[in-house]
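J.: Start from chain X and add chain C according to the hints.
Protein sequences appear in the order of chains X and C.
To convert, note that position 124 of the first sequence is 124 in the numbering used here; the numbers rise steadily by one, no gaps.
Just so we're on the same page, the numbering used here is the position in the second sequence counted from 1, plus 1000.
Please note that a few of the clues may not be correct.
As the list claims (entries may be wrong) - Simulated crosslink set (DSS-like; lysine-lysine; CA at most 30 Å straight-line): (1) K1049(C) with K98(X); (2) K92(X) with K1094(C); (3) K31(X) with K98(X); (4) K1094(C) with K31(X); (5) K92(X) with K1022(C).
Just so you know, the hints here were simulated from the structure itself, not pulled from any lab data.
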Amino acid sequence: MTLDEFFAIGTTVTLGSYTFEAEAIKAFARKYDPQIFHIDEEAARKSVLGGLCASGWHTAATWMKLNLETRMGAVWSGPGPAPEFGPSPGFKNLKWLKPVYAGQTITFTRTALSHRPIASRPGWRLLTLRSEAFDSSGDKVLEFESAVLVKVE
Amino acid sequence: MTAKTWAYEEFVEGASIDLGTKLVSADEIVEFASEFDPQPMHLDEEAGKASILGGLSASGWHTCAMFMRMLCDAFLLDSTCQGAPGVDLVKWKKPVLAGDTLAGSVVVLASRLSRSKPQLGLVTLRGELVNQRGESVFELENSIMFLTRDAAERAA
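Next comes chain X alone, as it looks inside the complex (with noise of 0.2 Å):
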């Protein structure tokens, strides 16, 4: 099988789908947002967001929760070992385009893109994806580009 066949270059995949509860939301913001609009409902509603809604670091977070649980690759044929995935470098043109309400339902996405080998380092090549996430009406509320390193021999 070739490596675009195992990592299905182009094929969205439907990730799955998490309600943004409003006390997971505030869990979350307390922690690391505690932007008003996160945390304090009265408050958000009087806000430029008009409403409690997620930190977008939440969001982005719940994203990558989905994406491991939904395999990567298909099942290797060969030949030789199975490409193994490694860390990330980061990621690039992330966009918050609404804001997540508290109760709302957003449903994530993963398409990886295309690869290239990395000189650096030898066995191992670069996997680009393009992430994205909608809300119930279809709208997208957040996407980003991002790249993982994967271990080829």
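T.: Quick look at chain C alone, frame taken from chain X:
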């Protein structure tokens, strides 16, 4: 409403803001990872040592969240912040290991008033976290919206 210390006008191009330091504990690494990124190197010291990261290491998303908290405590909670449209880039440059002390800073790369909403300014920041060995472990660039001082006072 008490006047906020930080409005759009405070973010002058080239200005540097100290975010203080943050000690990263093993417990909080495991707590965050258990919920959002339960991979072995974020949950277990031995698994971390056996991995390419070399020890129990924070999820990259946890590092983002820790940076956000440092930003909040340094100035964002005492500012006219109106949210952020996104993050242009994040680089996870080196592992963040249990016991590390991270020193944070941001530099103002650019600032401009919104054309359509003159009460709002967009401030572009570059943030960085450096560990106790002087290694840069994390870099971020993003733009944050702030009310101008006048607009904040009118709204108060």
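J.: Run every hint past the structure and note whether it holds.
T.: Outcome of the hint check:
Using a Cα cut-off of 30 Å, the hinted pair K1049(C) and K98(X) is violated, with the two alpha carbons roughly 40 Å apart. Of the supplied pair hints, the one linking K92(X) and K1094(C) holds, its CA atoms being roughly 17 Å apart against a limit of 30 Å. Distance restraint check for K31(X) and K98(X): the Cα-Cα separation of roughly 22 Å lies within the 30 Å cut-off, and the hinted pair is therefore satisfied. At roughly 23 Å between alpha-carbon atoms, K1094(C) and K31(X) fall within 30 Å of each other, so this suggested pair holds.
Between K92(X) and K1022(C) the CA atoms are separated by roughly 25 Å; this keeps the pair inside 30 Å, and the hint holds.
Consistency with the previously given hints fails for number 1 only.
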